[in-house]
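Chain residues, written in single-letter form:
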Amino acid sequence: DIQMTQSPSSLSASVGDRVTITCRASQSISSYLNWYQEKPGKAPKLLIYAASSSVGGVPSRFSGGGSGTVFTLTISTLQPEDVATYYCQQSYSIPYTFGQGTKLEIK
Amino acid sequence: EVQLLESGGGLVQPGGSLRLSCAASGFSFSSYAMSWVRQAPGKGLEWVSGISDSRGTTDYANSVRGRFIISRDISKNTLYLQMNSLRAEDTAVYYCSGTFHIWGQGIMVSVSS
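Read top to bottom, the protein sequences are chains A and B.
Under this note's numbering, read the first sequence as residues 1 to 107, first letter to last.
Under this note's numbering, read the second sequence as residues 1 to 113, first letter to last.
Calculated directly from the structure, the hints in this document are not laboratory data.
From the three backbone atoms N, C-alpha and C, an ideal C-beta is built for every residue, glycine too.
Possibly wrong hints are sitting among the right ones.
[Unchecked claim] The calculated DSSO-like cross-link candidates involving lysine-lysine, where the alpha carbons are at most 30 angstroms apart (straight line), are:
| id | chain 1 | residue 1 | chain 2 | residue 2 |
| --- | --- | --- | --- | --- |
| 1 | A | 107 | A | 39 |
| 2 | A | 42 | A | 107 |
| 3 | B | 76 | A | 45 |
| 4 | B | 43 | A | 103 |
| 5 | B | 43 | A | 45 |
| 6 | A | 39 | A | 103 |
| 7 | A | 42 | B | 76 |
| 8 | B | 43 | A | 42 |
| 9 | A | 103 | A | 45 |
| 10 | B | 43 | A | 39 |
| 11 | A | 45 | A | 107 |
| 12 | A | 103 | A | 42 |
| 13 | B | 43 | A | 107 |
[Said to hold, decoys possible] From the structure, some residues in chain A lie toward chain B, with a derived Cβ separation under 7 angstroms:
| id | residue |
| --- | --- |
| 14 | 32 |
| 15 | 34 |
| 16 | 43 |
| 17 | 46 |
| 18 | 87 |
| 19 | 94 |
| 20 | 95 |
| 21 | 98 |
| 22 | 100 |
| 23 | 101 |
The whole structure should be built from the sequences, with the hints applied where relevant.
Take a look at the structure:
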């Protein structure tokens, strides 16, 4: 199975900050990488697919990058409503494994 | 409106069975690969099972292979997950998803005596 490792596991930042979350795959997954936002009591919401393609309706401050084994999710200007847990997921091979999550809080 | 609605969850004893359903509406269900993803209390997300769009090819996580069966009824626009030989570690919120773009609200499954 492909292991996905996110860093950091938790993050506290101020409104307006630029925030970057990193996801590393245990082997190359090309660009088969999704990013999700999960808020308490809600279903995960797909933000980015194919490493850098934004889902319609997602604010433009969210962007994804990378390929191969290292990927990033960047929030250009942190907003209060971005408080959530963020997950990466590889869709390269079965089983479609997730990272352990990054909990983002506001300072 | 694009929607997935899960049902069939609840409390079951270890070793028991449960069948989850996921009713799809607002999109071409037959054209979408579908998955079940679960989240144990306080834990992260785990992909459980998937079924392809056209051929209906199925796949499973090692943790449920041989115990769970995924299927779909195109005529009813419904996805299923038959869960047998349930264990305490299967306790989780179960989500159905269409190509990971569309998600249901989730349904709780609790396995306990």
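Taking the numbered hints from earlier one at a time, note which ones the structure violates and give those numbers from smallest to largest.
Hint 14 is the one this structure does not satisfy, whereas the remaining hints hold.
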